[in-house]
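The whole structure should be built from the sequences, with the hints applied where relevant.
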Amino acid sequence: MKFFNAFRKKSPWILHYNAGSCNGCDIEILAALGPRYDLERFGVINTGNPKQSDIFLVTGPVTYRSRERLVELYCQIPEPKVVIAVGSCTAAGGVFRGMYNVEDGIDRYIPVDVYVPGCASSPQLIIDAVVESLQILERKSKAIETPFKLFGAVETVAGKLSRLGMAKKVTDAED
Amino acid sequence: MSLVMILLAPLLGGLVYGAERVLRARMQRRQGPPLLQPFYDMFKLMDKRTLIIHAPHALLAVAHFLLLWLAVGALFAGWNLLYIVFLHLFALIVLVLAGYSVRSPYSQVGANRELAALAAYEPILVLLAVGFYLVAGSFDVSAILAHGGYLAQMPLLFAALLIILPIKLKKSPFDTVEAHQEIVGGVEVEYSGLFYEFLYMARFLEYLFVYGLVFLFAGASPLWGLLLVLAVFLLVNLVDNATARVRTDQMVKIIYATAFTMATANIIWISL
Ligand code: SF4
Chain A
1 MKFFNAFRKK SPWILHYNAG SCNGCDIEIL AALGPRYDLE RFGVINTGNP KQSDIFLVTG
61 PVTYRSRERL VELYCQIPEP KVVIAVGSCT AAGGVFRGMY NVEDGIDRYI PVDVYVPGCA
121 SSPQLIIDAV VESLQILERK SKAIETPFKL FGAVETVAGK LSRLGMAKKV TDAED
Chain B
1 MSLVMILLAP LLGGLVYGAE RVLRARMQRR QGPPLLQPFY DMFKLMDKRT LIIHAPHALL
61 AVAHFLLLWL AVGALFAGWN LLYIVFLHLF ALIVLVLAGY SVRSPYSQVG ANRELAALAA
121 YEPILVLLAV GFYLVAGSFD VSAILAHGGY LAQMPLLFAA LLIILPIKLK KSPFDTVEAH
181 QEIVGGVEVE YSGLFYEFLY MARFLEYLFV YGLVFLFAGA SPLWGLLLVL AVFLLVNLVD
241 NATARVRTDQ MVKIIYATAF TMATANIIWI SL
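Protein chains in written order, with the working numbering: chain A, 1 to 175; chain B, 1 to 272.
Since the hints were derived computationally from the structure, they do not count as laboratory data. Where a beta carbon is used, it is the ideal one built from N, C-alpha and C, also for glycine. Treat the hints with care, since some could be wrong.
[Unchecked claim] Some, not all, of what chain B presents toward chain A, calculated at C-beta under 7 Å:
id, residue
1, R29
2, R30
3, Q31
4, Q37
5, D41
6, F43
7, M46
8, K48
9, R49
10, G137
11, S138
12, D140
13, H180
14, V189
15, Y196
16, N241
As structure tokens, then:
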């Protein structure tokens with residue numbers, strides 16, 4: 001509804017995920033949430049729960065181990081949602097570019113709305129990115145957004161796409 | 001008058017919650033969110049797509065909210081205090097059921113902790129009602145409010161209430177039930193959108209419930225009651241900002257060792 005749209009940008013809740021970053025940008029995000037920069041004055045809460053979040057703050061160049069969690073977390077955030085890629089390595093691989101165990105940037109897997117440059121990016125830049133993403137959030141519809149790649153086999157159950165074996169009842173394990 | 005209060009209870013509780021978030025921010029030298037932030041959050045949650053695990057799970061959140069509203073309404077309308085305490089217990093049992101009804105580990109752990117916390121503070125709420133009965137001669141809240149102040153006769157019961165307040169308000173040192181850093185909110189972890197909003201508003205009502213209990217201690221004079229509530233409000237937030245979380249088993253032990261003993265001693269002292 002139109003009336004509620006205005007409130008989206010007044011209460012953005014954040015989910016922060018580290019997709020294999022060096023922790024530099026995570027510390028900057030925490031600094032932005034702390035007393036000095038106080039992101040909470042915009043109504044931001046760091047929820048840690050994808051189902052109650054609006055903004056997905058990702059750091060790190062998606063290592064092979066973190067790909068599935070990244071996509072899984074993205075899928076669990078209810079729409080409308082925006083994704084912010086924090087740090088150079090999240091945008092294009094940065095210092096990790098071309099390494100054997102990383103993908104170069106998260107936008108191979110999920111659509112990104114705002115990129116934050118810098119290695120490490122600064123709290124001011126992160127605040128700017130959050131404020132920028134609020135305008136995008138306000139414009140978005142509630143249509144389902146899908147990641148670019150899904151992991152694992154899928155099957156069709158009753159006309160709906162489902163992960164392989166997810167719809168089946170769990171039977172007793174045979175040992 | 002009291003009907004209007006009952007209908008507006010969630011709004012009132014939301015204001016209390018908003019004021020608390022501002023106060024906590026100021027205590028940490030931050031600017032903090034605006035006073036109306038809880039309402040912005042509410043409106044935003046209405047606009048989100050809702051993911052439902054299964055229907056009973058979602059409906060139990062609504063039931064929890066409505067039962068709490070009933071308990072707070074009964075408190076405002078001046079019903080029997082013992083009934084109100086048990087209505088509140090019923091509302092929390094519904095929440096625990098909701099926690100157990102999904103297979104998410106965090107939700108289950110949260111429900112376990114909620115039960116442990118209930119076992120810790122529920123006896124004190126009942127003893128509190130008994131204390132009021134012994135002094136005022138009636139369980140009715142309207143009769144309790146007609147009597148003079150209670151602090152002189154029930155100081156230890158008041159201290160016991162102060163000790164269990166952080167559990168009810170989900171504050172340090174007794175916030176293991178929610179514990180966002182370890183179990184991401186516990187029971188509420190699988191809720192989203194509209195149904196999470198009911199839990200969010202239930203929290204506002206919880207505030208009104210416990211501060212209502214504090215208000216009762218001032219008895220006949222509402223002004224003293226408000227001052228008492230304000231002092232307790234400041235104290236609880238100060239303690240929240242200055243302490244760290246204790247484990248659930250430690251919490252239960254501490255509550256029984258201090259609050260329960262004090263409450264029992266006070267009851268014995270009144271009835272002597
Ligand atoms: S951008 Fe630089 S500082 Fe930030 S996570 Fe990547 S490597 Fe670390």
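Now the hints, each set against the structure:
Interface hint status for B/R29: upheld, as the beta-carbon distance to the closest one in chain A is roughly 5 Å, under 7 Å. Checking B/R30 against chain A: minimum C-beta separation of about 4 Å stays under 7 Å; hint holds. The closest approach between the C-beta of B/Q31 and any C-beta of chain A is roughly 5 Å, which is under the 7 Å cut-off, so the hint is satisfied. Annotation: B/Q37 was flagged as interfacial toward chain A, and the flag holds, the nearest CB pair being 5 Å apart, inside 7 Å.
Checking B/D41 against chain A by beta carbon gives a least distance of about 4 Å; that is within 7 Å, so the hint holds. Given the 7 Å rule on beta carbons, the hint for B/F43 holds: about 4 Å separates it from the nearest Cβ of chain A. Evaluation of the B/M46 hint against chain A yields a held restraint, the C-beta minimum of about 6 Å falling below 7 Å. Because the closest C-beta pair between B/K48 and chain A is about 5 Å apart, less than 7 Å, the hint holds.
Hint status for B/R49: holds, given a least beta-carbon distance of 4 Å to chain A, under 7 Å. Hint status for B/G137 relative to chain A: violated, with the closest Cβ pair at about 46 Å, above 7 Å. Against a cut-off of 7 Å between C-beta atoms, the interface hint on B/S138 is violated, since the closest Cβ of chain A lies about 43 Å away. Violation of the interface hint for B/D140 is found here, the shortest Cβ-Cβ separation to chain A being roughly 40 Å, above the 7 Å cut-off.
The interface hint given for B/H180 is met, as the beta carbon of that residue sits about 6 Å from the closest beta carbon of chain A, less than 7 Å. For the restraint placing B/V189 at the interface with chain A, the shortest Cβ-Cβ distance is roughly 6 Å, inside the 7 Å limit, so the hint holds. For B/Y196, the interface hint holds, since its Cβ comes within 7 Å of a Cβ in chain A; the closest pair sits about 6 Å apart. Because the smallest distance between the Cβ of B/N241 and any Cβ of chain A comes to about 11 Å, over 7 Å, the interface hint for this residue is violated.
This entry does not satisfy hints 10, 11, 12, 16, going by the numbered hints stated previously.
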